[in-house]
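Start from the sequences and build out the full structure, keeping to the hints where you can.
Protein chains in written order, with the numbering used here: chain X, 1 to 272; chain W, 1001 to 1242; chain D, 2001 to 2332.
Hints are supplied without guarantee of correctness; some may be wrong.
[Unchecked claim] Calculated lysine to aspartate or glutamate pairs in the DMTMM-like style (CA-CA distance at most 20 Å, straight line):
#1 K1053(W) / E2206(D)
#2 K1185(W) / D1126(W)
#3 K2192(D) / E2018(D)
#4 K2194(D) / E2018(D)
#5 K2120(D) / E2207(D)
#6 K2194(D) / E1135(W)
#7 K2006(D) / E1004(W)
#8 K1129(W) / D2204(D)
#9 K2194(D) / E2207(D)
#10 K1179(W) / E1197(W)
#11 K2329(D) / E1135(W)
#12 K1087(W) / E2206(D)
#13 K1186(W) / E1170(W)
#14 K151(X) / D172(X)
#15 K2192(D) / D1107(W)
#16 K2192(D) / D1210(W)
#17 K1113(W) / D2013(D)
#18 K2192(D) / D1108(W)
#19 K1087(W) / E2207(D)
#20 K2194(D) / D1108(W)
#21 K1180(W) / E1155(W)
#22 K1087(W) / D2204(D)
#23 K2222(D) / D1107(W)
[Claimed, not checked] The following label-pair restraints were derived from C-beta to C-beta distances:
#24 P2093(D) / G1063(W): 54 to 60 Å
#25 N1134(W) / D2013(D): 16 to 22 Å
#26 I2020(D) / P1036(W): 58 to 64 Å
[As the list claims (entries may be wrong)] Pulled from the structure, derived: some chain D residues nowhere near chain W, Cβ distances all over 10 Å:
#27 R2012
#28 A2039
#29 F2107
#30 L2138
#31 W2144
#32 G2150
#33 Y2197
#34 V2216
#35 Y2244
#36 G2269
#37 I2280
Read the hints as simulated data drawn from the structure, not as lab findings.
Virtual Cβ for every residue (Gly too), placed ideally from N, Cα, C.
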Amino acid sequence: MGLIFAFISLGLALIFGVMNIVNFAHGEFMMIGMYVALLISTYLPLDPLFSLPFAALVGFFLGIVSYRFLVQYILRGPMVAQLFGTFGLMLFLRYLFMLIFGPDVRSIKKGILVGKTLSLGWITLDVSKVVSAGLCLLLFAFVYWMINRTKLGRALKATSIDAEAARYMGIDTEKMNALAWGVGGATVGIAGGLLAHFYYITPTVGMLFILIAFAIVALGGFGSILGTFIAGLIIGLIQVIGGHYLSELKFTFVYIAYFLAVVLRPRGFFGW
Amino acid sequence: MLLEVKNLVKEFGGVVANADISFNLSEGEMVGLIGPNGAGKTTLFNCIAGYYKPTSGKVLFNGKEITGWPAHQTARAGIGRTFQIMKVTAGMTVLENVMVGAFCRADDRHLAKVEAAAILGFMGLDSLKTYHLNELPVASQKKVGLAMALATQPELLMLDEVASGLNPKETEEMVDLLKKIHRKKKITLFLIEHVMEVVMPISQRVIVLDGGEKIAEGLPKDIVKNERVIRAYLGDKYAKGI
Amino acid sequence: MWQVIKDIFSFRDYHRFERIGLLIFIVIILIFPLIVEQAYSRIVMIKFLLFALFGIGWNLIGGYGGQVDLGQAKNVGFGAYATALMMVWWNTPFWITVPIGMIIAAFESFGVAYPMFRLKGHYFAIATLCVALVWKELFIFWDWTGGARGVEIPVKATADFVHMQFPSNIYYHYFVFFLFITQLLFMNWFRKSKLGYQLQAVRDNEEAAASLGINVTWTKVKTYTITGGLGGVGGSFLAVYYLYIDPDLVMPLDLSILIAMTVLVGGAGSMWGPIIGAAILIPLDMYLGAWLALIGGRYGIDFMVYSLIIMIIAAREPKGIWGIIERVKGRG
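Rendered as structure tokens:
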């Protein structure tokens, strides 16, 4: 579970790292990813697993559109405006989907990964969770590689460290920003698609996950991929252990962890 | 002795921004702080005024140790400062901004208002009272910043490049203003400056920083002939020529 | 002393059109229940005044302080629970529960304020979110506060001014309006007080504020504490208005967000912002939303419209609708 959380947060960390803006609508992007998976698996004779690329595309598209039409403008304003700008987006998307699909909870019923379990000795694991985790690990590595080894990725990193300097070096910062949003959207879209295999789907699901994502990014440091990864694992662990003892409060522990994390270490453990 | 700085060191990570700096300021002096860009002048200001905590060394104000005191405490103790770049927002009017400074010493709004109006009058800024900062030209903004600091009734006023961005006429006005402040309000002035037209006529004494170290201290007319100073600004080629 | 009274009631430093507007507004509110008899309209009006009330309290830290707080619902919850529990356990008069609720909320706010204000901007906002959520979960978890079942206040048969329970909405209308005016006058005093000035200086430029002798963190803490107390008042009202409270009703995340958004849209940092914001959202929600739900069972369009407004305002005029009005006025 921790891996998935980490993956969700990856997109957020990226966006924040590049532009110092927190995307409240991140959770909603994920939610949309879930719905994409649902739609595709329901209406097309495709396994939900194959909906992932679509989810990624939709996420990517959403991210870029959001940037071009909204974020670009609110960046010019005070921080307050940025905050409630993405907040507005979050509400808008949430209620849009509530309008289209209604508030009922859905779930994906059939697919290669759905509902099967695996027994390893004394632990029973949900196959979809395991595969998702594995995929997340892979994609994490992929993104990490992309950021640190490819030219494009490094341009992105440069923009996040010092936008003006990057501009002087000929990097088109606007494109970089849009790209960050696009990739952020894509990653979380995939996360949504994966999550749809074993979690319930409803328009309000975004809220829960975004809080977890914030906790992770804060713990690991906004902008650091490695930090997000490790923090994701930690948070996942906290949730599972806490849930074991006091299941109603399992998310509360996460919130408390967040609070302690930011209070004790405002920059996260690995961020800048 | 108003201000004593003893062996001040400030490090950021591996970079030494201020290395073993010591000097004193007496009451009533006007002292300039110069040096090439990146010499550590603003860092020094920040260490004294409380925006940074010195890595080591001591700062004494009126004999009392204030090393590491936070900014609001040094302000209340009597050290005022202006900033090189003022973040300008449209929140409050000029008068209200100066009142905030006055509130440092007064608790009552009307007293603060009277005091603020008096300072603005002293500086010739009466006509700007109801404007918002972002509506003003740079020279006026700087003067307002000065007024705000003055409202806290400082004993020592530290000015960070108060003349930057001013045209020659405005610079002249600023010099006159600073002299007036020094004379009438009996405030010790300590200025970081790049504009020599301001530093030289005003300063009774000049301290020079380069690469984090203090490389010279003395009368303006001696500093301009100091080989190390010239080398710091212009490089070896020109220094040798003197 | 006389000066304080003058400060509370004097709106002289506002333009004439603002003062006239305020007067007209007050008059309309005062005569409203007498000329409008539809029950639903009265309910909408009460809700509007309530959210304006919430907004004024939030505006202190969110508007004049410039710190976006997304956890105000916890303070509402503290007030609501203080009132509800005290009435259920000890039949305490309403007006005694209010200060107690305020003190509890203020106390808690004070406690969390110091660590939270180490953070800035987005981080701070999220921290406030978390704190409010933790409290909500706790209230659900605890049995002694009623848990998820909530608290029900025994209904009184006739108008009761000691416990502030009334048979007709007319009473509640004037009741909440009274609370609203009280907080409005408090704001009027606050913005002219030393703390008010210092707070705005902090909002505008923290570094400069520090250079003028202002202890930035302490200023924020004080403000946040006061905001906490003010939020509690609205919560106490909720308790005796609905006569039933539970954690999802009085301290959900959505409420915190709603309060913040209302003020931001209306114009944070100005006196009229909360009023304008509530005046847009509440009727939108109650009329448009209800009508749409009725005809097609389609929820949420009202919120979609509202969030569109939010996004547009964020992009074009961060000072909210009041900011737009001021800009237009400036040109005209």
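Verification of the hints:
1. K1053(W) / E2206(D): Roughly 17 Å between the alpha carbons, so the hint for K1053(W) and E2206(D) holds.
2. K1185(W) / D1126(W): Holds, at about 18 Å.
3. K2192(D) / E2018(D): Holds: K2192(D) and E2018(D) sit about 17 Å apart, inside 20 Å.
4. K2194(D) / E2018(D): violated, 24 Å
5. K2120(D) / E2207(D): Answer holds: K2120(D) to E2207(D) is near 13 Å, not above 20 Å.
6. K2194(D) / E1135(W): violated, 25 Å
7. K2006(D) / E1004(W): Given pair K2006(D), E1004(W) is violated - Cα atoms ~47 Å apart, limit 20 Å.
8. K1129(W) / D2204(D): Holds, at about 18 Å.
9. K2194(D) / E2207(D): Holds, because 18 Å separates the two Cα atoms, which is no more than 20 Å.
10. K1179(W) / E1197(W): holds, 13 Å
11. K2329(D) / E1135(W): holds, 16 Å
12. K1087(W) / E2206(D): holds, 10 Å
13. K1186(W) / E1170(W): Violated: K1186(W) and E1170(W) sit about 23 Å apart, past 20 Å.
14. K151(X) / D172(X): holds, 13 Å
15. K2192(D) / D1107(W): holds, 12 Å
16. K2192(D) / D1210(W): Not OK: K2192(D) and D1210(W) at ~47 Å, beyond 20 Å, violated.
17. K1113(W) / D2013(D): Given pair K1113(W), D2013(D) holds - Cα atoms ~14 Å apart, limit 20 Å.
18. K2192(D) / D1108(W): Holds: K2192(D) and D1108(W) sit about 10 Å apart, inside 20 Å.
19. K1087(W) / E2207(D): holds, 9 Å
20. K2194(D) / D1108(W): OK: K2194(D) and D1108(W) at ~7 Å, within 20 Å.
21. K1180(W) / E1155(W): holds, 15 Å
22. K1087(W) / D2204(D): At roughly 8 Å apart (the allowed maximum being 20 Å), D2204(D) and K1087(W) satisfy the hint.
23. K2222(D) / D1107(W): holds, 16 Å
24. P2093(D) / G1063(W): 54 to 60 Å: holds, 59 Å
25. N1134(W) / D2013(D): 16 to 22 Å: holds, 20 Å
26. I2020(D) / P1036(W): 58 to 64 Å: holds, 60 Å
27. R2012: Nearest chain W Cβ is 14 Å from R2012(D), so the label holds.
28. A2039: holds, 43 Å
29. F2107: About 25 Å separates F2107(D) from the closest Cβ of chain W, which puts it past 10 Å; holds.
30. L2138: Consistent with the label, L2138(D) stays out of reach of chain W, its closest Cβ about 35 Å off (over 10 Å).
31. W2144: Given that every Cβ of chain W is farther than 10 Å from that of W2144(D), nearest at about 43 Å, it holds.
32. G2150: holds, 42 Å
33. Y2197: Violated, because the least Cβ-Cβ distance between Y2197(D) and chain W comes to about 5 Å, which does not exceed 10 Å.
34. V2216: Check fails; 7 Å does not lie beyond 10 Å.
35. Y2244: holds, 42 Å
36. G2269: With a cut-off of 10 Å, G2269(D) comes too close to chain W, as the shortest Cβ separation is near 8 Å.
37. I2280: At roughly 24 Å from the nearest Cβ of chain W, I2280(D) sits farther out than 10 Å, so the non-interface label holds.
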